[in-house]
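K.L.:
Residue numbers (the working numbering), protein chains in the order written: chain A, 1 to 281; chain B, 1 to 810.
Simulated from the structure, these hints should not be mistaken for laboratory data.
Fair warning: there could be bad hints in the mix.
[What the hints assert, rightly or not] Computed list of lysine to any residue pairs in SDA-like fashion (alpha-carbon distance at most 20 Å, straight line):
(1) B:Lys-15 / B:Gly-253
(2) B:Lys-590 / B:Ser-619
(3) B:Lys-768 / A:Met-251
(4) A:Lys-42 / B:Asp-309
(5) B:Lys-243 / B:Lys-471
(6) B:Lys-588 / B:Val-573
(7) A:Lys-42 / B:Arg-286
(8) B:Lys-490 / B:Arg-564
(9) B:Lys-768 / B:Pro-754
(10) B:Lys-452 / A:Arg-272
(11) B:Lys-93 / B:Arg-145
(12) B:Lys-347 / B:Ala-277
(13) B:Lys-768 / A:Ala-46
(14) B:Lys-93 / B:Gly-150
(15) A:Lys-42 / B:Glu-202
(16) A:Lys-42 / B:Leu-699
(17) B:Lys-768 / A:Ala-263
(18) B:Lys-307 / B:Pro-120
(19) A:Lys-42 / B:Met-554
(20) B:Lys-12 / B:Glu-425
(21) A:Lys-42 / B:Leu-129
(22) B:Lys-349 / B:Arg-286
(23) B:Lys-768 / A:Val-106
(24) B:Lys-490 / B:Asp-439
(25) B:Lys-347 / B:Arg-286
(26) B:Lys-392 / B:Ala-445
(27) B:Lys-12 / B:Pro-726
(28) B:Lys-588 / B:Ser-619
(29) B:Lys-12 / B:Val-524
(30) B:Lys-405 / B:Glu-390
(31) B:Lys-768 / A:Glu-260
(32) B:Lys-349 / B:Asp-439
(33) B:Lys-471 / B:Ser-619
(34) A:Lys-42 / A:Pro-85
(35) B:Lys-490 / B:Lys-574
[What the hints assert, rightly or not] Label pairs and their in silico Cβ distance ranges:
(36) A:Glu-229 / B:His-708: 52 to 58 Å
(37) B:Glu-642 / A:Glu-229: 22 to 28 Å
(38) B:Pro-234 / A:Asp-27: 48 to 54 Å
(39) A:Ala-279 / B:His-708: 38 to 44 Å
(40) A:Ala-279 / B:Lys-392: 39 to 45 Å
For glycine and all other residues, C-beta sits at the position ideal for the given N, C-alpha and C.
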Amino acid sequence: MIAAAFDYHRPSSLADALALLARHGDDARALAGGHSLVPAMKLRLAEPRVLVDLSRVPELRGIVEEDGSIVIGAMTTHAELAASPILAAKCPLFAKTAPQIGDMQVRNRGTIGGSLAHADPAADWPPVVLALDAELDVAAATGSRRIPATEFFKDIMQTALRPGEVLRAIRVRPSGSAVAYVKTEQKASGFALCGVAAVANRTANRVSVAITGVSAIPFRARDVERALESGPLTPERIADAARSAAAGVQMLSDIHGSQEYRAHLARVNVRRAIERAIAHA
Amino acid sequence: MAETSRGPYVGKSMKRVEDPRLIQGLATYVDDLRLPGMLHAAFVRSPYAHARVTRINADAARSAPGVVAVFVGADVNQSCGVVPCAADMPNLKNPQHRVLADGRVYFVGHAVAVAVARDPYAARDAALLVDVDYEPLPVVTDPERAIASGSLLTHPDLGTNVAFEWSLSTGDEAELERLFRSADRIVRQRMLHQRLTPTAIEPRGCVASYHRGEQSLTLWTSTQIPHLVRTLLPGMIGVPENKIRIVAPEVGGGFGSKLNLYIEEALCSHLAMRLGAPVKWIETRRENMASTIHGRDQIGEYEVAVKNDGTLLAIKSRTIADIGAYPQLLTPAVPTLTGLMLTGCYKFKAMKMDVIGVYTNKMSTDAYRGAGRPEATYLIERMVDIVANELKMDPVQVRRLNSPKPSEFPFATACGLTYDSGNYEGALTKALRIARWNDLLDRRARARQEGKLFGVGVSTYVEICALGPSKAMSAGGWEWGCVRVEFSGKATVITGSTPHGQGQETSFAQIAADRLGMPIEDVVVLHGDTNVAHYGRDTYGSRATVLGGTAIVMCIDKILAKTRTLAAHMLDVKPDDLTFEGGRFSAKGKSVGWGDLAPAAYVAKNIPPRFEPGLEASSFFEPENFTFPFGTHIAAVEIDRETGEARIVKYVAVDDCGPQINPLLVEGQVQGGIAHSIGQVLFERTVYDEQGQLVTGELMDYALPRAHDIPPYEMGSTVTPSPSNPMGIKGVGEAGTIGATPTIANAVMDALYPLGVRHLDLPLTPEKIWRAIQSGADDRGGDRIPEADRSAPRYTAADVGDGALQVGNV
């Protein structure tokens with residue numbers, strides 16, 4: 001388990017990091033917590049010539065409030081998200097999800113930005129940013145832009161990030177307390193066999209639901225959301241709506257779960273996530 | 001045992017003396033070794049399960065920076081012997097297992113070439129630069145199809161996929177058939193015992209160093225069996241045994257996977273000689289998953305002849321063991337242990353087991369924690385539950401009815417073994433009491449009324465340990481020990497058993513300190529280096545404490561007898577007048593302790609006539625029989641009806657391994673064993689696809705139990721001494737794995753019983769359970785339990801024993 005040789009840079013500013021990525025182009029990979037990239041390198045599935053370690057870039061850290069939004073630096077670790085008082089008060093879905101990721105060691109090193117940019121189809125953060133309608137701040141040497149989370153995930157491990165771009169921050173609006181993340185673990189990896197994030201607004205009778213682990217990209221369960229739009233969030237209506245959780249979605253299948261089982265889990269976990277979210281309201 | 005002085009240590013729970021160095025990172029594992037001029041090896045392994053190697057081009061690898069050499073099969077196979085199989089299996093068809101593939105590869109992970117370089121990075125890069133052309137060949141993966149006529153062949157040159165056929169039966173087979181004809185009912189079930197990957201935390205690895213002047217080889221290797229390696233390695237590399245030193249430094253787990261002589265150990269030794277420099281190889285996790293032995297993997301049809309009152313009459317089985325592409329050290333012996341323990345702790349009148357060992361294009365199976373006994377216990381304990389269900393009887397009652405009573409020991413089994421001692425009823429009763437059995441049944445009844453899936457499972461098990469009497473072992477089953485009271489009056493204890501996590505540095509010190517009357521701090525236990533522990537048969541088969549511990553007792557008895565004459569001489573009394581207590585020989589108001597005795601024995605100026613200087617003795621302990629620990633485990637599970645996830649909500653283990661040297665270590669061994677079973681029952685499995693690709697080739701896909709999968713354990717023990725050794729001890733290293741697998745499986749199946757599910761094969765994954773819930777039938781479309789049976793009460797208070805059980809006093 002030894003990676004191919006590579007050059008290593010640890011810039012101390014975002015500008016330096018972006019310049020390095022621009023200079024080395026396709027040869028370079030940005031290194032966040034390293035929990036996906038480093039194993040891939042050890043297995044020689046990835047052989048970047050240059051690693052740009054983002055761990056000392058101050059612009060990528062911290063959780064702050066800004067214009068009514070909460071801005072989470074991309075290099076914020078899972079453990080920091082679990083412990084953040086701002087998020088606990090304004091957007092508790094992060095604190096509910098973070099403890100369900102990996103183990104203590106993973107949470108102490110792994111970052112939300114790394115997870116989103118890596119776009120593993122079974123990762124836990126994608127459904128969270130989808131359900132929260134987050135916006136993703138992206139920076140490059142050539143300029144910065146903002147991408148809605150719903151337009152970020154393109155395919156298995158492919159995102160809307162362009163070469164040279166770095167995910168800078170995740171921008172969310174306060175959500176209220178009616179949130180939940182319900183996850184069925186893939187027993188070996190601890191990733192999601194099916195994870196569902198739900199954000200409910202009981203007064204507006206509105207729910208947003210996103211699902212990970214069951215398909216090539218995490219997705220918003222729009223059919224479920226629409227079915228719940230015009231009426232009270234009763235157990236019967238929730239159960240009814242949850243039946244369409246996997247409708248029209250091409251399910252993944254592997255030794256850990258067949259298509260049928262994943263679709264079934266999607267339906268069960270969607271119902272449970274919405275129920276749990278409104279119980280917290 | 002007149003010399004024995006009882007001391008404060010044996011029987012006491014003591015923390016391990018090993019742990020401070022392990023916890024602080026001060027232990028030395030193979031990968032910690034750095035020798036001057038040391039080279040590093042990396043292997044090129046087959047990505048195909050079966051292929052012809054048509055061309056190997058190592059030019060680029062050889063010319064890469066830092067690379068010393070690259071070797072392929074043609075370079076080394078004539079210089080190295082074949083990998084040994086030590087199992088005593090007549091008629092074994094054994095393909096020549098060479099250190100590197102000879103023009104053909106037979107499983108994914110089969111070593112094709114080895115690159116040697118000045119650092120491990122260059123070695124790995126070089127291995128990846130070796131260009132191998134493969135011509136894929138048809139692959140054999142299904143062992144049942146492999147024995148059908150006209151099947152594709154794993155080793156075409158053998159002409160068959162059948163590696164061996166082995167049968168065990170109780171004398172007269174006509175009697176077996178008569179019992180089956182006269183039975184009220186014959187209960188049949190096909191069962192699969194899935195393949196598992198042992199997955200020690202520390203993968204394998206070795207460092208070989210050859211001294212040209214002395215013509216001697218030292219091999220540091222992460223092994224359970226340095227002594228067996230020293231016996232077997234000469235056959236592979238040509239260095240005589242007395243010029244070989246094997247060192248097992250700190251070993252991070254084995255579970256049977258390091259009870260082997262592997263190609264890498266032989267090849268690194270050969271390369272160290274050939275290249276004139278030490279050679280190190282450290283296994284990667286992916287190599288560990290693909291190229292270190294797997295365990296289990298048996299498929300069997302089991303038939304039990306029973307009377308309607310629940311009496312078990314006879315059992316027969318036809319079992320297919322998928323042994324992979326090559327026999328490793330003990331591969332064929334594993335299913336024979338299944339046969340020997342087939343009847344479990346029950347009074348069957350007759351048995352028969354036919355085993356067919358089958359070659360497939362997979363990694364070898366071999367001994368994995370329990371080695372054949374978990375298979376036996378699982379299938380007999382599942383069968384007893386299925387019998388109870390068919391007869392609408394209480395599974396506890398069926399077990400009670402068929403178990404030998406304490407007065408019936410030594411108990412001759414239908415498999416031909418003699419169980420040394422037992423009180424199966426005692427362990428069962430205690431387990432029921434700890435579990436608050438009736439409360440558990442009430443809880444189940446309530447849960448079922450509420451539409452929940454809740455099940456309770458019991459297993460009464462017996463295992464075979466302390467392997468074993470030499471007449472039953474192919475390379476001697478004794479154990480060796482040596483004890484030296486040093487000049488300083490402190491003791492050095494050397495054992496030929498090779499603990500690698502079990503804690504004998506502590507438990508053997510407890511034994512020695514008590515017998516010598518010394519503080520435990522004055523005793524050091526050494527092991528694992530054949531230049532220190534000259535002889536041994538190492539650690540496997542729950543043997544180390546029983547056999548190695550007894551050898552230590554024998555040594556100490558010899559030393560005490562000798563020291564008595566010295567003490568008598570020094571105190572000017574008769575030896576018989578002396579008493580020995582607290583480390584002092586006393587008579588007539590005078591006494592002398594180790595502080596005076598030991599220097600006197602070594603200075604040797606004032607010693608009795610014909611007294612050999614020094615205070616050292618060594619012993620070989622040869623057991624007359626195996627030992628047969630036993631116990632009862634109970635589990636309760638709750639199944640999430642929607643997702644199929646099974647959660648263990650209660651676990652009770654009562655184990656009887658005889659008198660316990662260190663109850664804390666016993667508890668740890670049982671707990672670890674149960675964890676292994678939780679993995680096996682609920683999610684662990686090694687998966688090869690139809691092309692022989694290893695799907696579970698890394699820990700992202702092979703599911704090991706983690707802390708949050710482990711429920712709280714409620715543990716107890718009973719103590720039934722074995723007559724086969726002076727301490728009466730039995731061994732406990734594998735008990736948890738043997739007892740727990742059927743217990744948890746029975747609990748899950750009990751939870752599904754109201755749905756009419758008769759049997760599901762392991763692992764009982766959420767999806768498998770979910771599908772069973774959906775269809776209300778087992779996954780092979782087997783017999784459904786008739787509707788009318790579902791409400792039948794399976795347990796009554798009377799079955800649970802006396803009134804004391806009701807109050808749940810533990």
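K.L.:
Against each hint, give a clear statement of whether it holds in the structure.
P.N.:
Results for each hint:
1. B:Lys-15 / B:Gly-253: Holds, at about 19 Å.
2. B:Lys-590 / B:Ser-619: violated (31 Å)
3. B:Lys-768 / A:Met-251: holds (18 Å)
4. A:Lys-42 / B:Asp-309: violated (61 Å)
5. B:Lys-243 / B:Lys-471: Not OK: B:Lys-243 and B:Lys-471 at ~28 Å, beyond 20 Å, violated.
6. B:Lys-588 / B:Val-573: Cα-Cα ~8 Å, so holds.
7. A:Lys-42 / B:Arg-286: Satisfied, since the Cα-Cα distance of roughly 11 Å is no more than 20 Å.
8. B:Lys-490 / B:Arg-564: holds (17 Å)
9. B:Lys-768 / B:Pro-754: holds (17 Å)
10. B:Lys-452 / A:Arg-272: Given pair B:Lys-452, A:Arg-272 holds - Cα atoms ~17 Å apart, limit 20 Å.
11. B:Lys-93 / B:Arg-145: holds (19 Å)
12. B:Lys-347 / B:Ala-277: Given pair B:Lys-347, B:Ala-277 is violated - Cα atoms ~60 Å apart, limit 20 Å.
13. B:Lys-768 / A:Ala-46: Roughly 35 Å separates the two Cα atoms, so the pair is violated.
14. B:Lys-93 / B:Gly-150: holds (18 Å)
15. A:Lys-42 / B:Glu-202: Distance ~18 Å between A:Lys-42 and B:Glu-202 Cα, so the pair holds.
16. A:Lys-42 / B:Leu-699: holds (14 Å)
17. B:Lys-768 / A:Ala-263: Since the Cα atoms of B:Lys-768 and A:Ala-263 sit roughly 15 Å apart, the hinted pair holds (cutoff 20 Å).
18. B:Lys-307 / B:Pro-120: This hinted pair is violated, its Cα atoms lying about 65 Å apart.
19. A:Lys-42 / B:Met-554: violated (51 Å)
20. B:Lys-12 / B:Glu-425: violated (26 Å)
21. A:Lys-42 / B:Leu-129: This hinted pair holds, its Cα atoms lying about 16 Å apart.
22. B:Lys-349 / B:Arg-286: violated (47 Å)
23. B:Lys-768 / A:Val-106: violated (30 Å)
24. B:Lys-490 / B:Asp-439: Not OK: B:Lys-490 and B:Asp-439 at ~54 Å, beyond 20 Å, violated.
25. B:Lys-347 / B:Arg-286: violated (45 Å)
26. B:Lys-392 / B:Ala-445: Cα-Cα ~17 Å, so holds.
27. B:Lys-12 / B:Pro-726: Holds: B:Lys-12 and B:Pro-726 sit about 18 Å apart, inside 20 Å.
28. B:Lys-588 / B:Ser-619: This hinted pair is violated, its Cα atoms lying about 33 Å apart.
29. B:Lys-12 / B:Val-524: holds (18 Å)
30. B:Lys-405 / B:Glu-390: Answer violated: B:Lys-405 to B:Glu-390 is near 25 Å, above 20 Å.
31. B:Lys-768 / A:Glu-260: Answer holds: B:Lys-768 to A:Glu-260 is near 12 Å, not above 20 Å.
32. B:Lys-349 / B:Asp-439: violated (36 Å)
33. B:Lys-471 / B:Ser-619: holds (19 Å)
34. A:Lys-42 / A:Pro-85: violated (37 Å)
35. B:Lys-490 / B:Lys-574: Not satisfied, since the Cα-Cα distance of roughly 25 Å exceeds 20 Å.
36. A:Glu-229 / B:His-708: 52 to 58 Å: Since A:Glu-229 and B:His-708 have Cβ atoms about 38 Å apart, the given range 52 to 58 Å is violated.
37. B:Glu-642 / A:Glu-229: 22 to 28 Å: Holds - the Cβ-Cβ distance for B:Glu-642 and A:Glu-229, about 25 Å, lies within 22 to 28 Å.
38. B:Pro-234 / A:Asp-27: 48 to 54 Å: holds (51 Å)
39. A:Ala-279 / B:His-708: 38 to 44 Å: violated (23 Å)
40. A:Ala-279 / B:Lys-392: 39 to 45 Å: Holds, at about 43 Å.
Hints 2, 4, 5, 12, 13, 18, 19, 20, 22, 23, 24, 25, 28, 30, 32, 34, 35, 36 and 39 from the list above are not met by this structure, while the remaining hints are.
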